[in-house]
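Novice: Residue numbers (the working numbering), protein chains in the order written: chain A, 1 to 557; chain B, 1 to 557.
Everything labelled a hint here was simulated from the structure, so no lab data went into it.
Check the hints yourself; a few may be wrong.
Unchecked claim - Heads up, simulated BS3-like pairs for lysine-lysine below, C-alpha to C-alpha not over 30 Å straight-line: (1) LYS551(A) to LYS366(A); (2) LYS437(B) to LYS151(A); (3) LYS359(B) to LYS279(B); (4) LYS437(A) to LYS372(A); (5) LYS279(B) to LYS335(B); (6) LYS151(A) to LYS151(B); (7) LYS151(B) to LYS2(A); (8) LYS522(B) to LYS437(B).
There are 2 protein chains.
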Amino acid sequence: MKLIDVASGRKPADLVLKNGKLINVRTGEIEDASIAISGGKIAGIGDYEGKDTLDLKGLYVSPGFIEGHIHIESSMMTPSYFASTVVLHGTTTVIADPHEIANVLGIPGIEFMISDSENLPVDIFFTAPSCVPATDLETSGARLSADDLLKLRSMNRIIGLGEMMNFPGVINGIPDVTSKLGIFEIQDGHAPLVRGKDLNAYISAGIYSDHECTDIEEAREKVKRGMHVMIREGTAARNLTALLPLVNSQNWFCFSFVSDDRHPSTFVEEGHLDGILRKAINHGIDLITAVRLVTINTARYFRLFDRGEIVPGKLADLVAFDSNFTVRFVIKDGKIVVKDGTPTFNPPDSKLRRLGNFKVEPELQKIKVERKSGKIRVIRIIEGNLLTGEDICEPLINGNEVIPDTERDIIKITVWERHRGTGNVGTGFVRGFGIKKGAIGSTVAHDSHNVIVAGVNDKDIIKAVQVLRDMGGGLVVIENGRVLASLELPVAGLMADKNAIELARLEEDLNRAYRELGGSLKNPFMQLSFLALPVIPELKITDFGLIKDFKVVDLFV
Amino acid sequence: MKLIDVASGRKPADLVLKNGKLINVRTGEIEDASIAISGGKIAGIGDYEGKDTLDLKGLYVSPGFIEGHIHIESSMMTPSYFASTVVLHGTTTVIADPHEIANVLGIPGIEFMISDSENLPVDIFFTAPSCVPATDLETSGARLSADDLLKLRSMNRIIGLGEMMNFPGVINGIPDVTSKLGIFEIQDGHAPLVRGKDLNAYISAGIYSDHECTDIEEAREKVKRGMHVMIREGTAARNLTALLPLVNSQNWFCFSFVSDDRHPSTFVEEGHLDGILRKAINHGIDLITAVRLVTINTARYFRLFDRGEIVPGKLADLVAFDSNFTVRFVIKDGKIVVKDGTPTFNPPDSKLRRLGNFKVEPELQKIKVERKSGKIRVIRIIEGNLLTGEDICEPLINGNEVIPDTERDIIKITVWERHRGTGNVGTGFVRGFGIKKGAIGSTVAHDSHNVIVAGVNDKDIIKAVQVLRDMGGGLVVIENGRVLASLELPVAGLMADKNAIELARLEEDLNRAYRELGGSLKNPFMQLSFLALPVIPELKITDFGLIKDFKVVDLFV
């Protein structure tokens, strides 16, 4: 075996990394040692000769970073573009939950994620989405049954069950939910604020991770009771500051750092796990413990025993960075894929592909709201929060019709079913966007990702739907029939074959256009996308109409 | 699912353990909490009601202890008797390497170990012996090829490759050895004193454990380079004192405590892992770290993810003990198997079974040593050591024959092939037993376990072989044609259906009889059994004759 020959010194290594400060995640020490690589694996640590040599000049060298929980779709990048972005930040392995595309396209969507993530400088593994659809209060593009999960289990690179969001279903032993348990050995959790016996019940189902902790006492209990706590630092949800004080020399092996949902601009501004490490160090955790949370801990939780440590026989996935966590070199499977901060691989092909049905008939008549007696429910946006409020307001009437009232910041909100051609449209009113004219629309609309458009007048709403349909999905800002800004997301209406920098620029164009309409929310499209998520209180909207307390409710009180 | 119902408090538990001090191996804390058990699993930790309650009255409660590396054969107990002994000491899981019986009987021997370890109060897993036979310098009862290992892989409860003792073969990439690698994901190591690039080479083959460290620097390097270091505390080899100072708050997860070879008397005098924990605490390690080394660490190394932590959904394997590690209660799969220190299960049936061929023709003529010119090689026993010396001595001559010389403590040593009826006998001389009359014999003779007899006169040697053959194997002391003491080991000549107390008593009878012959070694049968192990220098003997430097050598220099 060649690796043994190289390790023993009988044959030269393919590559030797010299003068690195090796972060030994096993012993908690930093070593001055060279690393010999052969055939994509680590052969040995010590004084070796190689055909090639890379002088790290005193940089730290760590196992490649491992992302333990992310929805790639939230980055708006296809997996190949996503990989080419995160590898620059030292990420060499990702465990992704393709929950969003699964809601749109089902198994073919997951198959796309798998096929688009082959032969990349990052190994992307997947968990099988456990909750598609999230509820029966909307029309999703697909359903995944327990039988579907069985099929997914045999697919390449699917290594576990994705976050089991239906925690009440687990805790109450609902058969439709528990039938999905036990198919995979690794089962990821999602149990915000679940404590005590409910937590015992959820864990007893074999769900041994959670990334929803917001409170340190909640996280303390979850670790104690058996969970691997994934400390999330995403674009919106940021729990690092609150949870980091819990990590200590006794329990560090029970934690990972993860991203969950991260927008293109966050990758541009903060990087990926490198940025989380930087922040963690600034919050007082020591270097080696921090690195363990994105290497050995995550590898072991996901039973990826071939990586996460700089040890002979393991994959030569390595990252070299300076004391500010600026990534200089990345080695994947023994190949230098980032050199002096610059990729050595070709960027993915910029494809103009479309994926998914788009069966929408934008008709004005469908979103006319007929006058009835009484007041109306209005969704109230709470900035920076997925929760909404419910305001009960006097309707503004024009003839026989309820119309938007920009004076009181009450505009129309519509959700158009796009997957199956049901023709369903939900129509209601929302306050908080602050726009005085035009409309904004998106096909990113959690979790079913129908078309969601908020607007001041019906014509611009219809125009937004038409533009989104013609683009095959995306984000758009319309003023008076004209497209002020748009971002095409033709892959399931969620992703594009573009890199983070392009996407972040387009995202900024959209936000600027939105402000031109008079709005002032920091992340209007993020707020918009969560108005369609009915599992979160208080008042939401789907293609079924307004949803409150897990029921469809009438506009008029 | 019933477990969820119990965990959530909707249904009563089968059993609730109250008032225990729960050793939380995850957080490193001790909790006052009750443990609810249902259907053999842990349902929850907290305030629960149960059909049965066990008041632990302030005892510590820990996950059941896990033995990570032991040769059950060395206990002389069959697996069922072994289990009924160690469970009293808190052991609920054992990973055993059936290397000894495999050398005698091959796969059928391993099948016996598996079938004899069903439905016990201890889960016994096995590794597939990697080195059968250990050398080609002797006649073993069986050979295990790479193809045989492939067959073993599919057998019940075989979870890895047993200790790869042929470390030079691995390091030098010898195909016969490397062909056995990669069959199992878990590969146990055995690499005494291997360091530097040789160690890298051995580890690069995917061998990630070692239990042969004797020196702290050796162990430090092995941990650093990726090995799980099993700190051995057996009957003869005791490494705890030397290695324990290496275990610290950074690296504790890289260690386990194991027994390797343990004689019946050691179980009686020191117990099992409970005794090792007691000793470790006396050497200054803290309670929770010590317990981790026989619970979570060993479970995780062997990827037994269903145990090793007191966590909902895991097996209810628990042990309750006082502050002196005196085991009071043991719960296996949710059942109380030891109550107030007393077993609640039935002892195994005392069977009179025999296993294995015994093809020996004890003939005086075969062990006559013909006079030649020159001096003779004599094996010199070094007390307490597996190594021997080589003395070059003047032979004592009687007529045409070399005979024992008790004046100089030179007696005859013989090894009789017993597995295949080859009729092979190796004859030589040994000093160090100190007996002035009679003979001592054994069918425990590492690693091929032929019949080994040392004696002052040929008649008593023949008598010893006859008695051992008629018993179907065992240990014997003969004086003047009379059996002074004997211990039957009819199962492959290695084990008996007896418990540790009986065996320890019989062992003591044998030692006393040996002393009556004039001997003064502390463990004469242990010393005898290793005289046939040719991999250890300097001079050994097998059925091929005297062995030195991995070659057969003549008696006369």
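Novice: A separate judgement is required for each hint: does it hold in the structure or not?
Specialist: Do the hints match the structure? See the list:
A threshold of 30 Å between alpha carbons decides the hint, and for LYS551(A) with LYS366(A) the separation of about 21 Å falls inside it, so the pair holds. At most 30 Å may separate the alpha-carbon atoms for a hinted pair to count; LYS437(B) and LYS151(A) exceed this at roughly 74 Å. Between LYS359(B) and LYS279(B) the alpha-carbon distance is near 44 Å, which puts this suggested pair outside the 30 Å criterion. Under the criterion of a C-alpha separation no larger than 30 Å, the hint pairing LYS437(A) with LYS372(A) is consistent with the structure, at around 26 Å.
For the hint pairing LYS279(B) with LYS335(B), the CA-to-CA distance comes to about 29 Å; that is within 30 Å, so the pair holds. The suggested pairing of LYS151(A) with LYS151(B) holds, with an alpha-carbon distance near 29 Å, which does not exceed 30 Å. The hinted pair formed by LYS151(B) and LYS2(A) meets the criterion: a straight-line CA distance of about 27 Å does not exceed 30 Å. For the hint pairing LYS522(B) with LYS437(B), the CA-to-CA distance comes to about 18 Å; that is within 30 Å, so the pair holds.
Checked against the numbered hints given earlier, the structure breaks hints 2 and 3 and satisfies all the rest.
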